[in-house]
Each structure stands twice: as C-alpha cells, then as structure tokens.
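Asker: One-letter residues, chain by chain:
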Amino acid sequence: MLVNIARRLAAMLAVMFIVATMVFFLTRLAPGDPASLMLGDQATAADVAQLRKTFGLDQPLIVQYVLWLKEVASGNLGQSIFLQRPVLQAIGERAEPTFFLALFSILIAAVIGIPAGIASAVWRGRHADQVASGLAMLAASIPSFWLGLLFMQFFAVRLGWFPVAGYGDPGAGLVQRLYHLVLPATVLGIVNSALITRFTRASMLDVLSEDYVRTARAKGLPEHRIILRHALGNTLVPIITVVGLTAALLIGGAIITETVFGLPGIGNLVVSAVLRRDYPVIQGALIVIAGIYVIINFAIDVIYTLVDPRVKT
Amino acid sequence: MTLPAPLLDIENLEVTFRTEENSVTPVRGVSLRVDAGRTTALVGESGSGKSVTSLAVMGLLPRPAGSISAGAIRFRMKSGETSNLASLAPDVMQRLRGSEIAMIFQEPMTSLNPVLTVGEQIAEQVRYHTGMNASAAMRRAEEMLGLVEIPDAVRRATEYPHQMSGGMRQRVMIALAMSCNPRLLIADEPTTALDVTIQAQILALIDRLRKEHEMGVLFITHNLGVVAEVADDVTVMYAGEVVESADVRTLFRNPRHPYTQALINCLPARALPGADGRRVVRSIPGAVASAAGVSGCKFAPRCAHTLAACHVSHPALETIDGGQTIRCCRWRDL
Amino acid sequence: MDFTALRLFLKRLFKRKLVLFAAIVLALVVILAIAAPWVAPFSPTGMKVSQRLRPPSMVNWFGTDEFGRDILSRVIYGGRASLGIGMAVVLASMIAGTTLGLLAGYFRALDNIIMRIVDAMMSLPDILLAIFLVAVLGASAGNVVLALTIVYTPRVTRVVRGSTLVVRELPFVEAAHVLGVSTWRILSVHILLNVASPILVQATFIFAYAVLAEAGLSFLGTGVPPEIPTWGTMIATGQQYADQAVWLVLFPGLAIVFSALSLQLVGDGLRDMLDPKLRKAL
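If you read the protein sequences in the order shown, they are chains F, Z and R.
Under the working numbering, the first residue of the first sequence is numbered 1, with each subsequent residue one higher.
Under the working numbering, the first residue of the second sequence is numbered 314, with each subsequent residue one higher.
Under the working numbering, the first residue of the third sequence is numbered 648, with each subsequent residue one higher.
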C-alpha cells in the first residue's frame, strides 16, 4: 500500500514538473519582452536593460528555466507586474469566492446528476432514461456564460430576487457574500451536472451487469435494495472520484462564470492578467490550479486505498 | 407405476431474445423434471441453452430482451401447492427466489459483492425472507457457514470475499443458497472454475446437503465425468433442445441419441489407443454454432449416422420404455 | 464499403428518430453556414442606425443589434466562423491525437512520456489552458484553432491509446506480426481500422466542445477579434444591451446550443450504433 502511495506521489510530481515546464516555455513564446512590458512605453533602453539584468532575463533561456524551477519548487511564484505584490498573495486574496463557487456548484451538480444517472441506468432505454440522458446532453450543450446572462437578466434584473453581480460591498457579511453566489453556482451546477449524470449512468450500468448483482437478484431481494445497496455501494467510489475531480477543475474552470457575474475570484484574476499580459500571474495561477487538481486526485486515490476493503489487507 | 409429482417439471419451454434487429430463440422444446431429493444433471456444450434454461426457472432472464415465449415451468412449493413459474407475477417470483429456489453460479470469484462481508450477504437474505432481526440473521449466517464446513465460521463471517479462496467463496455461495432451506437448488457449473481437489469437495458438499434436506438439485454441467458422479437423472441438451433424457445408469449404459453416444465416447476413460500406442481422446467434429438455421435435426450436420430425412424433418421428443426420452428419427435402428 | 453493414447502419439510424432528427438539424446548420451569402436575408455588416435594437419582427426575424444589423444574418454568417473553427479543431486534433495515441499504445517506450504529458495537460481546465495558449500565441482565429487543438489532442490520444492497447493484443494483429507485416502497416491499417469508430465518436464530441470553447474565449475577449461575427463575439458584444434587447444574446446562444446538442446527439447515436457490445446486450 505504501509503495502504491509512493508511486502515486512520484506520478504527481512528474505531472507538476511537466506543467511547470510547459508553462515556462510557452510563456516565452509570447510576443513582447517582459521587462519592457513592466516598465511601460516611456522606459528608456537603459532602464529596460537594467531590469532585464535584475530579473536574470539576460541569461540563457535554460539558465532562466532552472532558476525559475528552483523558485517554483520552493513555493515562490514571483511578483505580479501590475498588482505590486507576490503572485501567491494575489491568488490567496481571490481564493474565497472561487472556493465557495466551486463547492456550491459541485453540490448542485451532484444533487442533480447522481439521482438522474441512477434512474437513467436502472430504467435503461425507457422514457426515464431518455429524458435524463437528453437533459444531460442539453445541459452539456449550453454555454455557461450565456445561461449566466439569461439567468441574470431574468432572476436578478427582471425579478430582482438576487443581486445582479459582484460579491457584495467590501465588509459584507458571509451570508451576504454567499447570497451573491446563488445564481452563478446554479448555472455552473446545471452545466456540470451533465458530466456527473453521464458518468453515474455508465458506472451503474457496468455494475448492474456484474455477477454479484445477479447473485443479489437470485437471493430474491427487491429491486430497490439491489440498486441502492449492492449496485450503488460499488459505484460510490468512482462517482465520488469524478465529483472530486470536477470540483478541482471548477476552481480554474469557473473563469467565464466569474467574469459574467463579476465575482472577484481566481478566474477573474486570470482573465485580467491575460488582458494586461501579466505573465507571472498567469503562470502562477496555472501552477496553483494544476497543483490543486493533482493534490485532490492524489487525496482521492489515498482515501480510496484506505476505504476499499479489497486494498485494506 | 405412477411417479410422485415432480418438484420441478419443465414442459416445452421456449425462450426468446429480442434484439433491435431480430429475435433469436436460444431455447425451445425443453422438457425436464427434477424430483425432490434427487439430482438432475442438465448436460450440454456451451451455447446449448442450459444456462438460459436455468435463468428462465429463476425468473432472471435479462430484461427486457429475454422472455419465456412458450411452455410451462411447474414447481411444487413448500406449501405443497404447485404453480407455473412461467406465468407468475414478478413480485411473487421474487419472493420465491432465495427461499424456495436458490442458485449458485460458475464464478465464485465474482459472484459475491466485494464491499460487503460474507456474513452480511447471507444475513441479508435471511432477514428479507424470514423477517428475523439483524443479530439473529447474523447467527444464522454463521451457522450456515459452519454447515458448509468453513472452519472458524464466526470469524470468517466478518471477512470480505477477497480474503477467501475460490473454493471457500463457492462454499459461501452454497451457504447463502441454503440459508432459507430452499426446495430446489440450481447449480450452474459450480465447480468448473475450481481446482480438481476442491471440485470433489464441493460436489460432496452439495450431495450431502441434498440428502439431508431432501432438496432437489438441478445440476448444470458440460462435464460428463461430473454427471456420472452426482446425477440421478440426466437431460442432454443440444442447440437449445433436449435431445435425450434418462436415469443416469440407462444413459451411460444405453445412450440412444448419436450426440449422447458421441459425448460418452469423448470421455477420457473411453479413449482409444492411437497409432503410437498412446490413448487419444476423441472429439465431436464441428461446433454447436453449425446448428443455426438448420431446418431438420439440429445435430445432423455433425452426426455420423445422417440419412437424407434427417436434414428435412425435425424429429419430435419421444418417450420410450422406462421414462427415457429421445429426439432422433433413427433411434430404433441405432 | 460493406453494403450490408451500411444497410444495417441506416436501419439503426432510422430507428433512432432523435438521432436522425439531430443529424438533419446539424446538416441544415452546416448548409446554412456554407450558403450564407445566398440564404442570409441581409448583409451581416449592413448598418441601419434608424433600425437599431429592434425586437424580432417579420422583417428581422431575430431582431437587430446596436448598429441596426440583422441578427439572423449575423447568426448565419457567425456559423461560418464558429463551425469552421470547430471543424478545423476536430480535424487537427484527430490527426495529432491519433498519431500520438497509436505511438503511445504501440511503442511501450513512448507510452510513459506521451501519457505523462497528456496527464499534465488534463490537470488544467480546458478553458484555462485555452486562454493561456491564446494569450501567448496572440488572439486570432488561427491561434484559437491552434490553442483548442492543443487542448483537445490529449483526449483523442487517450481514447486511441486505450483502443490500441486492446487491439494490439487481438490475435489478428499478432498474426500479422508473425507473418512479417511491417509495424508501420500494422499500425496504419490493422489498428487504425479497428479504432476508427471510437475516434469518430470522439470527433463529434470534440466538435461540440470546440464550438462551446470558441464561444467562451471570444466572450472573454481572449479569442476571435470582436469585428469577426462568431456566435461567441455576438454574445460578448450583445451583453451590454441585454437589459433592453435580450435577443442580441438569446439567438446566437441558441445557435450554439442547437449545434452542440445535435453534435452530441449524433455522437451518442454513433456510439450506440457502432458498439458491438450493445448489439448483444439488447
């Protein structure tokens, strides 16, 4: 078991190493020199050269790469060009709305998707399946920003039930802040329920064709017990895995929804960084988001190893 | 001589599977009986329809594709009353499964739920059918594990299937099947996946339980060696049909159907010395699949005694002396 | 092509009315986009200030935008860019992903490297990776295609690698190997033919995702420049008028939903119809 965890850990580090490498070299493809970007249009050539030297930009690319990797490995993601503070701090300040948005969206998605997927698998090929699968496909075909705009128009502007945008005034209480998340979380929850519905359906169908489900039928158990105890018990772990990974992807994937609803989250930070060419922030955000995904993935694996009786011994 | 009413009496059973494009009939014209306290072996190659027959008896044909399209499955219940399982409402059938009729399967490795302890899996069935409370049902489960000769049953009841060997799991399956004292046990190739030594133990266990509980056993196998060991009566299937049935002695001494004869000749004990003096195990040329679309006798394409008529008319199942039945138009001259 | 197989396929298609309907809708949308200059009632750029922000009417079925341009015509023209970008992404990521997947599945030595990179790319949300790539490449239609191709290639690679691993163990591939058929031929003919149907299914889904992603990028202002009408840029520029003229946002969005939905329905139908397992199960 420990060997297994160690192997997972190594794979996780490998993925992070590749992400960091990719981010570094791709950023260097970008047009424009970071130093002149930082100093703006009025800078003299001498100023730029001076700054290049301070940042080590005059060194060969490979040396810069190694230095950068060292910094990243020690947890230093650099300084934002525009925000005048460390990238990690800038991300930390924006973490709360993104975290709650991802959490609520995934809860909504799971509450819709898991029962829909189960029903769809149990009544495979019947009306319930067609309706659930059809709705899942519809949800997966809706651009989240478009649904967000329509929801905002209807529920916030027309009906006035929810705030139109933002995350409350500075100093607003937690309840007030969370109230601003109802619409965006609903939109993201609906869109992401599609994936969970499909996945739940597929894994339920797999399990329902297992020999032990046939045994449960041969025992004369009622169908609901077979589904809820024998089949669902065996699909819960993969379903939780997918829910967890979707939540991880939502941390960075909520970008568009954050923009639509003007939420000051990580996604918003990334979009403004892209528009301002604040490359340290983009790089840092990519590494942090990939890191969260990889860590959640790893945590799920470890929990899985601890929970599954087949691995326990 | 009037025989006592059989425990299970299948008459002219036909099962149809409908797919999107067409429908197939993997089982047709199957008649067989199982008497209380006796073992009927259902023999045939893979694809001959034996497993489908057993699933039809259990009411477990894959839905909605599979259904019983003709025939009757008469079963005498504990109450003494006989009902036709082919026309029983699904919820009534469900209550019979596990309490009146139990089944064990070929794959002990995958037939138990990996996330529940074996004790829980047995107790669950007991609770459902008898209404016992949880702790009484668990004691019953432990008792059943003891009955199937699992040492240290109380501790093993708390184990998960993956902690047990294949033979041990098959014992658990048998304990599960026996836990509500069923009248009929269907054993679908229960020893095929096991080592030879374990096979013998499992066969002996099933036989002991049959005698002790006066239970009927429908034993499905492709292995005539096993048939000779366990069966009282034998029904031979070929390409979805019963081709011959008899008591075990008659069948081995005086097989009438060319297919049965060929099967018996294929037994290793009947192997003939080859050119180099070593004994060669024989086989029947061809495969069951060749019977698809045959209009006459299904076995004709592989039969050594075929006449022109065999390819034309489909023979009926005839009853001859001593309750033996046969489906072959040449049984008189062979 | 095997004629009976084609007939069976068509028979199955006609049994699935919804899939058939989706295929027809998809074909219509594609034809409209291609034939835009002939079918669009107005010029997509023809401004009429007197007619600005008009609601849907008999003349302008989908209404007009802030410059008085006909939204229906712009939606039809927008389909050219949106579907064109989607199509280009599908083709490019199919070619790249299939090549990488075959290499990873067939040559064990390459497997580890390729799949680690695939893992790394899949640890980032699609849209974030796309935004980053467009940011470094520069915002243009061509770079949106390139970025989305990079984003979706790993998915194809995974599917093709998985199928290749299964197929390479099948007896006929082994037999071909023993008979001295070259590795290149085994890869290109034997394995490719067998993994063709999962690739085809994947292609329809990636088409749908690419249309959605392009719209998202354009909406954020990090994709196609706003002067080119795509469904995404139309929603992006229309959102500031959403309070008074919701049709500016509504109709381009519906075009996206319809296209993505019919693509996914077709993909799902194809998977059903091409899946040999299902035939047995039903």
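Keep in mind the hints are simulated off the structure, nothing from the lab.
The structure displayed is predicted, hence computed values, not measured ones.
Beta carbons: idealized from backbone N, C-alpha and C, even for Gly.
A portion of the hints provided could be inaccurate.
What the hints assert, rightly or not - Derived contacts from chain Z toward chain F, CB cut-off under 10 Å, selection only:
1) ASP348
2) LEU401
3) ARG410
4) LEU425
5) LEU489
6) CYS493
To be verified - Rough simulated footprint, nothing fancy, chain Z against chain F, three-plus residues with beta-carbon under 8 Å:
7) 6–16
8) 225–239
To be verified - From chain F, some residues computed to sit far from chain Z (all C-beta separations above 10 Å):
9) THR27
10) GLN42
11) THR44
12) LEU69
13) ILE81
14) PHE82
15) LEU88
16) GLY125
17) LEU159
18) ASP169
19) ARG177
20) TYR179
21) VAL182
22) GLY220
23) LEU221
24) PRO222
Asker: Each of the hints needs a verdict: does it hold here or not?
Answerer: Results for each hint:
1. Evaluation of the Z/ASP348 hint against chain F yields a violated restraint, the C-beta minimum of about 22 Å exceeding 10 Å.
2. At its closest, the beta carbon of Z/LEU401 sits 13 Å from a beta carbon of chain F; the interface hint therefore is violated under the 10 Å criterion.
3. Restraint check, Z/ARG410 versus chain F: the minimum CB separation of about 3 Å is within 10 Å; hint holds.
4. Look at Z/LEU425: its Cβ gets to within about 6 Å of chain F, closer than 10 Å, so that hint holds up.
5. The criterion of a C-beta within 10 Å of any C-beta in chain F is met by Z/LEU489, whose closest approach is roughly 7 Å, and the hint holds.
6. With a cut of 10 Å, the hint placing Z/CYS493 at the interface with chain F holds, because the nearest CB-to-CB distance is about 8 Å.
7. Only when three residues or more bring their CB closer than 8 Å to a CB of chain Z does the claim for the stretch 6–16 of chain F stand; here the count is 0, and the claim is violated.
8. Closer than 8 Å: that is the beta-carbon criterion, and the stretch 225–239 of chain F has 5 residues meeting it against chain Z, so the requirement of 3 holds.
9. With 10 Å as the threshold on Cβ separation, the claim that F/THR27 sits away from chain Z holds: the shortest Cβ distance comes to roughly 47 Å.
10. Against the 10 Å criterion, F/GLN42 stays outside the reach of chain Z, whose nearest CB is about 68 Å from its own CB.
11. Against chain Z, the non-interface label of F/THR44 holds: every CB pair exceeds 10 Å, the least being about 70 Å.
12. With a least beta-carbon separation of about 43 Å from chain Z, F/LEU69 lies farther than 10 Å from that chain, consistent with its non-interface assignment.
13. Against the 10 Å criterion, F/ILE81 stays outside the reach of chain Z, whose nearest CB is about 53 Å from its own CB.
14. The Cβ of F/PHE82 sits about 53 Å from the closest Cβ of chain Z, beyond the 10 Å cut-off, so the non-interface label holds.
15. Under the 10 Å C-beta cut-off, the non-interface status given to F/LEU88 relative to chain Z holds; the minimum distance is some 41 Å.
16. Against chain Z, the non-interface label of F/GLY125 is violated: not every CB pair exceeds 10 Å, the least being about 8 Å.
17. Separation of F/LEU159 from chain Z is adequate, the least Cβ-Cβ distance of about 45 Å exceeding the 10 Å criterion.
18. No beta-carbon of chain Z comes within 10 Å of the beta-carbon of F/ASP169; the shortest separation is about 50 Å.
19. No beta-carbon of chain Z is positioned within 10 Å of the beta-carbon of F/ARG177; the least distance is around 40 Å.
20. The non-interface label for F/TYR179 is consistent with chain Z: the shortest C-beta to C-beta separation is roughly 40 Å, beyond 10 Å.
21. Under the 10 Å C-beta cut-off, the non-interface status given to F/VAL182 relative to chain Z holds; the minimum distance is some 37 Å.
22. Not every Cβ of chain Z is farther than 10 Å from the Cβ of F/GLY220; the closest lies at roughly 3 Å, contradicting the non-interface assignment.
23. With a minimum CB-CB distance of about 6 Å to chain Z, F/LEU221 fails to clear the 10 Å threshold, and the non-interface call is violated.
24. With a cut of 10 Å on Cβ distances, F/PRO222 falls inside the contact zone with chain Z, its closest approach being about 7 Å.
The structure shown violates the earlier hints numbered 1, 2, 7, 16, 22, 23, 24.
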